[in-house]
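*Asks:* Sequence:
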Amino acid sequence: MSNYENKLGIKAWAEADRPREKLLQQGRRQLTDAELIAILIGSGNKNETAVDLSKRILSSCQNDLDKLSQLGVKELSRFKGIGEAKAISIVAALELGRRRNGTGAPEIQKILSSIDAFRIIKADLADLPHEEFWLLLLNRANVMIGKHFMSKGGQAGTVIDPKMVFKIAIEHGAASMVLVHNHPSGNLKPSNADVDITTKLVELGKLMEISIFDHIIVCNHNFLSMADEGYL
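The sequence shown: position 179 = 179 (UniProt numbering), numbered continuously.
Source of the hints: derived by calculation from the structure; they are not laboratory data. Treat each hint with caution, since some may be false.
Said to hold, decoys possible - Capping the alpha-carbon separation at 20 Å, the derived lysine to aspartate or glutamate pairs in DMTMM-like fashion look like this: (1) K55 <-> D66; (2) K46 <-> D66; (3) K46 <-> E84; (4) K110 <-> E95; (5) K152 <-> E132; (6) K46 <-> D64.
Predicted model, so just to flag it, every value in this text is computed and none were measured.
Please put together the full structure from these sequences, using the hints given.
*Replies:* Structure, rendered in structure tokens:
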């Protein structure tokens, strides 16, 4: 008898070992990460159950959900048994989890330090494989009055139009703002281009009477404040 014929599918397992049944009987918190992913993908391949396949996917990411969330549909589809539809389900579920981490903040958000700005923006930039540039607009009391996506680029950079930056700030009556972008490379050090554009925007801000409070560089769950580091 072949290995395939000897392999038991999820339906042949004891009911307590099936992820869906286990969730119903014991609650969602009793499931492992692999079992939760197995529910998302529904089935494995001819040589692996959904749970086995999920374990292999997690193992490729050192069982780190943050690393898994960085995989796109193409990367996930390379695993035998994961087609485009299953890959999309995984990506969508992880994105919901990421968004949930970014909710629950109070309606009035003051930015008095670099960590305040990072906490507000980190969910928007964590795990991105490309660079994005955002603005956090503040009133005179340092209360955030807007969070605006400005541009998207590749892995090495994104284009920033100073005219559009101040157009958005003026339209929303901002007194100051925090510039934010991410480095997918994981290197927090500001590039020469980062320093140049920051200097240019600071100088323009003086003319427009809209101050640049900080420029935050985000790398997944870490950040660098150009103000704290003396670049501003």
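*Asks:* Decide, hint by hint, whether the structure agrees.
*Replies:* Tested hints:
no. : hint          : result
1   : K55 <-> D66   : holds (15 Å)
2   : K46 <-> D66   : violated (28 Å)
3   : K46 <-> E84   : holds (18 Å)
4   : K110 <-> E95  : violated (26 Å)
5   : K152 <-> E132 : holds (4 Å)
6   : K46 <-> D64   : violated (26 Å)
This entry does not satisfy hints 2, 4 and 6, going by the numbered hints stated previously.
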